[in-house]
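2 protein chains.
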Amino acid sequence: MKALEKLTSANDANKFICVGLDTDIEKIPSFLKSSSRPTLDFNKAIIDTVEKNAAAFKINFAFYESAGYDGIKILSETIDYIPDDILIIGDAKRGDIGNTSKMYAKSVFDHFKCDAVTLNPFMGYDSLEPFLLYEDKLNFILALTSNTGASDFEKQKLDNGTYLYQKIIQKVNEWNTRKNCGIVFGATKNDELKENMNNIGSLPILLPGIGTQSGNLKEVISSFKTMHRKQLLINVSRSLIYKSGGKDFTLKVKEELVRLNSEVIKLFET
Amino acid sequence: MKALEKLTSANDANKFICVGLDTDIEKIPSFLKSSSRPTLDFNKAIIDTVEKNAAAFKINFAFYESAGYDGIKILSETIDYIPDDILIIGDAKRGDIGNTSKMYAKSVFDHFKCDAVTLNPFMGYDSLEPFLLYEDKLNFILALTSNTGASDFEKQKLDNGTYLYQKIIQKVNEWNTRKNCGIVFGATKNDELKENMNNIGSLPILLPGIGTQSGNLKEVISSFKTMHRKQLLINVSRSLIYKSGGKDFTLKVKEELVRLNSEVIKLFET
Chain A
0 MKALEKLTSA NDANKFICVG LDTDIEKIPS FLKSSSRPTL DFNKAIIDTV
50 EKNAAAFKIN FAFYESAGYD GIKILSETID YIPDDILIIG DAKRGDIGNT
100 SKMYAKSVFD HFKCDAVTLN PFMGYDSLEP FLLYEDKLNF ILALTSNTGA
150 SDFEKQKLDN GTYLYQKIIQ KVNEWNTRKN CGIVFGATKN DELKENMNNI
200 GSLPILLPGI GTQSGNLKEV ISSFKTMHRK QLLINVSRSL IYKSGGKDFT
250 LKVKEELVRL NSEVIKLFET
Chain B
0 MKALEKLTSA NDANKFICVG LDTDIEKIPS FLKSSSRPTL DFNKAIIDTV
50 EKNAAAFKIN FAFYESAGYD GIKILSETID YIPDDILIIG DAKRGDIGNT
100 SKMYAKSVFD HFKCDAVTLN PFMGYDSLEP FLLYEDKLNF ILALTSNTGA
150 SDFEKQKLDN GTYLYQKIIQ KVNEWNTRKN CGIVFGATKN DELKENMNNI
200 GSLPILLPGI GTQSGNLKEV ISSFKTMHRK QLLINVSRSL IYKSGGKDFT
250 LKVKEELVRL NSEVIKLFET
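For the record, the sequence lines run as chains A and B. Residue numbers for the first sequence follow numbering that gives the first Met the number 0, so the first one is 0 and each next one is one higher. Residue numbers for the second sequence follow numbering that gives the first Met the number 0, so the first one is 0 and each next one is one higher.
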């Protein structure tokens with residue numbers, strides 16, 4: 000199944016929340032820590048609990064890589080454990096010269112079998128092309144990110160009066176000949192999101208920043224009111240998966256996910 | 000030993016070439032392929048041969064990650080095999096929101112024990128800070144890269160008349176309060192290098208693009224003539240490590256490394 004079809008069918012089924020597996024051994028419920036592979040157990044428990052309600056899973060490579068090859072093994076086993084019909088985003092923010100990006104694409108798509116990836120556009124088209132050549136995948140390219148540092152370069156004004164991130168959105172639309180591109184737009188940047196919905200057009204949008212980073216769901220959805228719902232993925236990581244440290248943590252995660260998703264649906268209807 | 004001291008002592012000893020271990024199973028001598036871990040054997044043979052002549056080693060994470068956890072294990076064992084006094088650069092081009100970058104920094108510096116890293120500045124200061132907090136390490140931040148896509152965004156002109164990559168160089172100088180920053184500047188961009196030597200100031204410069212990417216050593220060194228030599232690292236990967244596919248490959252690699260380094264010294268003297 001094509002990555003874009005997975006996203007569309009999730010949105011069709013009124014699912015909009017992407018569950019971010021930023022799994023940190025320091026933050027998972029302590030009762031799990033006696034197991035031999037606590038982070039994998041945690042991930043499996045979350046996946047089992049939310050697989051019917053999650054629009055997608057986003058796996059943050061950094062959290063696994065920091066434990067070396069044992070972590071990479073857990074990353075791989077986590078991905079294998081996710082049901083085939085759910086979109087899996089490898090949150091890797093890659094981008095390098097062509098022959099190196101080809102290796103990263105091989106890693107994310109062929110080896111780890113992610114459906115989608117996050118990419119850093121800084122080095123330009125040829126740094127992304129090896130990923131874009133995978134027709135059935137989805138490439139979420141950073142446009143304007145949720146962090147404060149976004150003002151350092153992403154929000155620099157160019158000599159034609161537009162901002163760098165707007166130039167990126169324009170380029171991503173040009174590069175989207177295979178209909179396998181999307182953008183990442185910070186849920187903390189609602190004014191800019193609203194202003195740029197026309198430029199974004201029909202590109203799928205991955206929105207991180209809700210929850211711990213204090214993005215506001217109501218604000219985010221207000222930009223989407225007149226738009227088609229089939230291009231929206233709101234990522235929630237820490238504030239969702241670490242909702243409870245108790246034995247009932249899966250229950251709390253599911254309740255929170257259902258609540259967030261219902262809120263999105265309600266906001267679409269108002 | 001601090002990363003910067005390793006670079007300085009290499010430059011003091013007239014060593015300027017960084018050996019890029021972009022090790023690709025498809026490209027190593029075929030007689031090695033019968034071994035159980037051919038890429039590790041290849042790396043060890045290269046390291047044994049050039050450790051007296053290399054200014055540094057640059058390990059390209061993509062080439063290891065693409066083989067999953069087995070590859071990550073080889074990455075780790077390769078780093079462990081490099082003598083302690085030689086600078087090891089983790090070529091990872093990382094950059095993400097703060098809590099994720101903290102995990103990447105932990106990975107590159109604490110887990111894999113690299114002395115230095117390459118970083119992508121797109122997301123701004125807070126995306127790099129977790130790396131910059133490691134005082135004894137070196138952070139080579141992308142300014143203007145060697146690929147053609149550099150014109151897409153890095154060479155966009157800002158409304159103050161400077162280019163984005165120049166803004167980055169200015170910022171990196173501001174962020175260099177711990178004297179642990181450097182920049183990456185493509186060896187294929189010699190006019191821009193020459194124009195920006197004053198802006199770069201005393202930042203260490205990692206220059207990829209010599210060899211397969213056709214950067215010209217003479218052109219590169221001409222920018223450095225009046226500058227101090229203690230900030231220069233010229234990376235050569237494919238055109239060096241795959242110099243020969245025969246049983247004598249280590250000999251050929253050493254000859255080429257010695258030749259390149261002598262050429263740099265000669266160019267400094269003319």
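Hints are supplied without guarantee of correctness; some may be wrong.
The list makes no distinction among identical chains, and a pair is therefore deemed to hold if it is satisfied within one copy or across any two copies.
What the hints assert, rightly or not - The list that follows gives simulated cross-link-like pairs (lysine-lysine, DSS-like), each with its CA atoms no further than 30 Å apart:
(1) 112 <-> 72
(2) 170 <-> 5
(3) 178 <-> 217
(4) 156 <-> 51
(5) 166 <-> 101
(6) 105 <-> 72
(7) 51 <-> 265
(8) 101 <-> 242
(9) 154 <-> 193
(10) 72 <-> 229
FYI, nobody ran anything at the bench for these hints, they're computed from the structure.
Next item on the list: Since the copies are identical, ignore which copy is meant and state whether residue 170 and residue 5 lie within 30 Å (CA to CA) inside a copy, between copies, both or neither.
Entry: Answer is within; shortest intra-copy Cα gap is 24 Å, inter-copy 41 Å.
Item checked: Status of residue 72 relative to residue 105 across identical chains (alpha carbons, at most 30 Å) -> both (16 Å within a copy, 18 Å between copies)
Notebook entry, point to check: Given a CA cutoff of 30 Å, do residue 178 and residue 217 count as a within-copy pair, a between-copy pair, both, or neither?
Noted result: within (28 Å within a copy, 44 Å between copies)
Check: When no copy is named, should residue 101 and residue 242 be tagged within, between, both, or neither for a Cα gap of at most 30 Å?
Finding: Between copies only: 22 Å across chains, 38 Å inside a chain, cut-off 30 Å.
Margin query: Please sort residue 154 with residue 193 into within, between, both or neither, judging by C-alpha distance up to 30 Å.
Written below: Answer is both; intra-copy 15 Å and inter-copy 28 Å each pass.
Next item on the list: Up to 30 Å between alpha-carbons, please classify residue 166 paired with residue 101: within, between, both or neither.
Entry: For residue 166 and residue 101, the Cα distance is within 30 Å both inside one copy (24 Å) and across copies (29 Å).
Check: For the identical chains here, do residue 72 and residue 229 meet the 30 Å Cα criterion within one copy, between copies, both, or neither?
Finding: neither (33 Å within a copy, 41 Å between copies)
Margin query: When Cα atoms must be at most 30 Å apart, do residue 156 and residue 51 count as within-copy, between-copy, both, or neither?
Written below: neither (43 Å within a copy, 48 Å between copies)
Note to self: Regarding residue 51 and residue 265, is the shortest C-alpha distance of 30 Å or less found within a copy, between copies, in both, or in neither?
What the structure shows: The answer is within: 19 Å in one copy meets 30 Å, while 67 Å across copies does not.
Check: Which holds for residue 112 with residue 72 at a C-alpha limit of 30 Å: within a copy, between copies, both or neither?
Finding: both (13 Å within a copy, 20 Å between copies)
The structure fails hints 4 and 10 (numbered hints given earlier, in ascending order).
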